[in-house]
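Chemist: Here is how the chains run, residue by residue.
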Amino acid sequence: AQTVTQSQPEMSVQEAETVTLSCTYDTSENNYYLFWYKQPPSRQMILVIRQEAYKQQNATENRFSVNFQKAAKSFSLKISDSQLGDTAMYFCAFIHNNAGNMLTFGGGTRLMVKP
Amino acid sequence: GAGVSQSPSNKVTEKGKDVELRCDPISGHTALYWYRQSLGQGLEFLIYFQGNSAPDKSGLPSDRFSAERTGGSVSTLTIQRTQQEDSAVYLCASSLRGASGGAGEQFFGPGTRLTVL
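Protein chains in written order, with the working numbering: chain A, 1 to 115; chain U, 1 to 117.
Misleading hints may appear alongside valid ones.
To be verified - List of simulated lysine to aspartate or glutamate pairs, DMTMM-like, C-alpha gap at most 25 Å:
id : chain 1 : residue 1 : chain 2 : residue 2
1  : U       : 57        : A       : 10
2  : A       : 73        : U       : 105
3  : U       : 57        : U       : 105
4  : A       : 70        : A       : 52
5  : A       : 78        : U       : 68
6  : U       : 57        : U       : 68
7  : A       : 73        : A       : 29
8  : A       : 70        : A       : 29
9  : U       : 15        : A       : 26
10 : U       : 57        : U       : 20
11 : A       : 55        : U       : 20
12 : A       : 70        : U       : 105
13 : U       : 11        : U       : 85
14 : A       : 73        : A       : 10
15 : A       : 73        : U       : 44
Stated by the list, open to error - Covered, in the sense of this in silico footprint (three residues per stretch, anywhere, with C-beta under 8 Å from a C-beta of chain U), are these stretches of chain A:
id : region
16 : 39-45
17 : 104-110
Calculated directly from the structure, the hints in this document are not laboratory data. None of the values given here were measured: they were computed from a predicted structure. Don't be surprised by glycine CBs; every beta carbon is placed ideally from N, CA and C.
Take these sequences, add in the hints, and give me the full structure.
Modeler: So this is what it looks like as structure tokens:
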């Protein structure tokens, strides 16, 4: 079974600064996908970024980038130039390389961006 | 186009009552998922539908929980004889399974907050 661990329940960052959220996972699979989802107070889960395990290059999406360390089973999210709108819960999630399987989520990190 | 919608947005019920939660997935998405988000348990998978295949019910916590998906589109999650521990946000997601396989992005609805008094 897969497990996903987010060791930081809460974090805060000053506006315009950079913050990194940690995520580790455990799996015996070799082909899988990793995701970071953002959940603002509206409850709507929004995909921030995804990483295919077979790709060595770290994914980037504008101000969001990941540091994917497959051997260490680590998948951290870096948010650059933090904005007030980045305030939300962030969930790391894992899925096996099969579009039918369900997501396994970490416990979440509550990020507060301070003005 | 329209995203995943869920109704009701909030539901308050008394212990022992039955409730039905509805999910309208994105048109054309063949896969539909139900998750539960609660304070003590985080985000948990409940059930998954893929096309006309038998659903994967492995995440349902008890036989009081059931779900159906009619015509490959709308889904209803039913909780019978609700208990206080059923209080949670119930999230629905849908995805378009690509012909080449791989993890299609799951698009989430806004959830239904269920409160059992």
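Chemist: Hints first: check each against the structure and report whether it holds.
Modeler: Taking the hints in turn, this is what the structure says about them:
no. : hint         : result
1   : U:57 - A:10  : violated, 33 Å
2   : A:73 - U:105 : holds, 21 Å
3   : U:57 - U:105 : holds, 21 Å
4   : A:70 - A:52  : holds, 10 Å
5   : A:78 - U:68  : violated, 39 Å
6   : U:57 - U:68  : holds, 11 Å
7   : A:73 - A:29  : holds, 11 Å
8   : A:70 - A:29  : holds, 11 Å
9   : U:15 - A:26  : violated, 38 Å
10  : U:57 - U:20  : holds, 17 Å
11  : A:55 - U:20  : violated, 42 Å
12  : A:70 - U:105 : holds, 21 Å
13  : U:11 - U:85  : holds, 14 Å
14  : A:73 - A:10  : holds, 21 Å
15  : A:73 - U:44  : holds, 21 Å
16  : 39-45        : holds (count 4)
17  : 104-110      : holds (count 5)
Checked against the numbered hints above, the structure violates hints 1, 5, 9, 11; every other hint is satisfied.
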